[in-house]
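Engineer: In case you want the letters, here they are:
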Amino acid sequence: MTDTLQMLGTIAVIALATFATRALPFLCFGSREPPSILSTIEKNLPPMILLLLVIYCLKDVQWLAAPYGIPELFTIGVVAGLHFWKRNAMLSIFAGTGLYMVLVQFNVFSFI
Amino acid sequence: MTEKEVKRHEIREGNMNLFMSALKTTVPVFLGYIPLGMAFGFLLDGAGYHWIFAFLMSLLIYAGSGQFLAVALLAAGAGLTEFVIATLLLNLRHSFYGLSLLEKFSGVGKVKPYLIFALTDETYALLTTTEVPAGGSKARFYFYIAALDHLYWITGSVLGAVLGSVLDLNLEGMAFVLTALFVVLTIEQYFNSSVRFPFIAALGAGATSLILFSPDNMLLISIILGTLVLMGREKLVQGNMSVNKGIRQAHAQTRAQAHAAAKPVEDGSREES
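The listed protein sequences correspond, in order, to chains A and B.
The first sequence finishes on residue 112 if you use the numbering used here, and the numbering steps up by one all the way, no holes.
The second sequence finishes on residue 273 if you use the numbering used here, and the numbering steps up by one all the way, no holes.
In isolation and in its complexed conformation, chain A is listed as follows (with noise of 0.2 Å):
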């Protein structure tokens, strides 16, 4: 019974502070304007973010042991060239997702 509290507890806690984080710009400029430089940077954060968190999935790969990250840049490369040729985002994600599968299932790169 003390576990389940303890436990209710502490997801009480992390779930305020994961709110905290998310909240904190509008309850800073809920109601005042934010300074001019932080509205001039707002449109250039999104593409920033994004191309970051592009970045951020291959935080995990081994780039100094087999197969180097091949796997990776390759299916990346497949998603990009798809999405700039047809530009469908369904074919460019499910193609490019099937593909990583299947290279990483049957370890298509291991003569490398």
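Hints listed in this document are in silico derivations from the structure and should not be mistaken for laboratory results.
You may find that some hints are simply not true.
Simulated crosslink set (BS3-like; lysine-lysine; CA at most 30 Å straight-line) [said to hold, decoys possible]:
1. K110(B) - K86(A)
2. K86(A) - K112(B)
3. K43(A) - K112(B)
4. K24(B) - K59(A)
5. K86(A) - K104(B)
6. K43(A) - K59(A)
7. K104(B) - K43(A)
8. K112(B) - K138(B)
9. K110(B) - K138(B)
10. K43(A) - K7(B)
11. K86(A) - K59(A)
12. K110(B) - K43(A)
13. K24(B) - K7(B)
14. K43(A) - K138(B)
15. K4(B) - K43(A)
Some chain B residues flagged as far from chain A (calculated, every beta-carbon gap over 10 Å) [as the list claims (entries may be wrong)]:
16. R8
17. A72
18. A147
19. G173
Just a few of them, taken from the derived set where beta-carbon distance is under 8 Å, the chain A residues facing chain B [stated by the list, open to error]:
20. L38
21. T40
22. L51
23. F74
24. M101
25. V104
26. F111
This structure is a prediction, so every number in the text was calculated from the model and none was measured.
Here a beta-carbon is modelled for each residue, glycine too, at the ideal position from N, C-alpha and C.
Here the structure of chain A is known, so what remains is to put chain B in place on it, guided by the hints.
Structural biologist: Frame of chain A, contents of chain B only:
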């Protein structure tokens, strides 16, 4: 049907279309959140917790990497302070997401608190890149996207906690769907806007943080680094612009004096754009 009924019917149909549109937009997140959520549920189950806790955590916390971290801390028997500090640090990146959504989220009405609560990496990526279908309500469309993503995450984590040990699916590599989603959305950002510098800033900040910092910290650090670079460049450009403007004004004045019957000045307009 009376006029009122027709109208109500039309609204319902419009909402249905909006929902289908959101459903289609979130399919990649569905395919990513199910295996990731299952991995989380499986881990929590392995740590000896009932599946109801997987459900509660995904319902109330709703942060992918944050919940993985929580499992690790639970297993290590961490104290509440450690939970708070680790969670704040890990999720501080979300504050930067909100910064670029202040305008988009103004005027969404009563769903705003939920949209803020449900602001995961993937939902942020979709909301900043996807256009609201013509004629549809922004608040409703955003709410559908956020709630669907939330539902996928909860479903995945409960499935993982309940079935994780029974099922033996080979889902290896499936979570790559989220990487592919981010790649596609980054390219969409590239198409939608003419600014190129953010991509250069991201490459620089990302590579630097990847090399210098641990994988767990790199996202927050690279976002802070990239934001500072963006702000620095903006300051520089603004400085240059005011200098240029001064020069151009002086130029125009002398020219106007030289050619009293002046033709419209056309050069220099390129620099301005």
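Engineer: Compare the structure with each hint and give your call.
Structural biologist: Against the structure, the hints:
1. K110(B) - K86(A): Measuring from Cα to Cα gives roughly 38 Å; hence the hint is violated.
2. K86(A) - K112(B): Violated, because 35 Å separates the two Cα atoms, which is more than 30 Å.
3. K43(A) - K112(B): 20 Å, holds
4. K24(B) - K59(A): Cα-Cα ~29 Å, so holds.
5. K86(A) - K104(B): Since the Cα atoms of K86(A) and K104(B) sit roughly 29 Å apart, the hinted pair holds (cutoff 30 Å).
6. K43(A) - K59(A): Holds - the C-alpha atoms of K59(A) and K43(A) are around 26 Å apart, at most 30 Å.
7. K104(B) - K43(A): 11 Å, holds
8. K112(B) - K138(B): Status holds; Cα separation ~11 Å.
9. K110(B) - K138(B): 12 Å, holds
10. K43(A) - K7(B): Violated. K43(A) to K7(B) sits at ~37 Å, over the 30 Å cutoff.
11. K86(A) - K59(A): 28 Å, holds
12. K110(B) - K43(A): At roughly 24 Å apart (the allowed maximum being 30 Å), K43(A) and K110(B) satisfy the hint.
13. K24(B) - K7(B): 26 Å, holds
14. K43(A) - K138(B): 18 Å, holds
15. K4(B) - K43(A): Since the Cα atoms of K4(B) and K43(A) sit roughly 41 Å apart, the hinted pair is violated (cutoff 30 Å).
16. R8: Fine: 33 Å to the nearest Cβ keeps R8(B) off the interface.
17. A72: 12 Å, holds
18. A147: 15 Å, holds
19. G173: Answer for G173(B): violated, closest chain A Cβ roughly 4 Å.
20. L38: It holds, given that the least Cβ distance between L38(A) and chain B is near 6 Å, below 8 Å.
21. T40: 5 Å, holds
22. L51: OK, holds: L51(A) within 8 Å of chain B, min 4 Å.
23. F74: Since the shortest Cβ distance to chain B is 12 Å, the answer is violated.
24. M101: Result: holds, 4 Å to nearest chain B Cβ.
25. V104: 4 Å, holds
26. F111: Nearest chain B Cβ about 19 Å off; hint violated.
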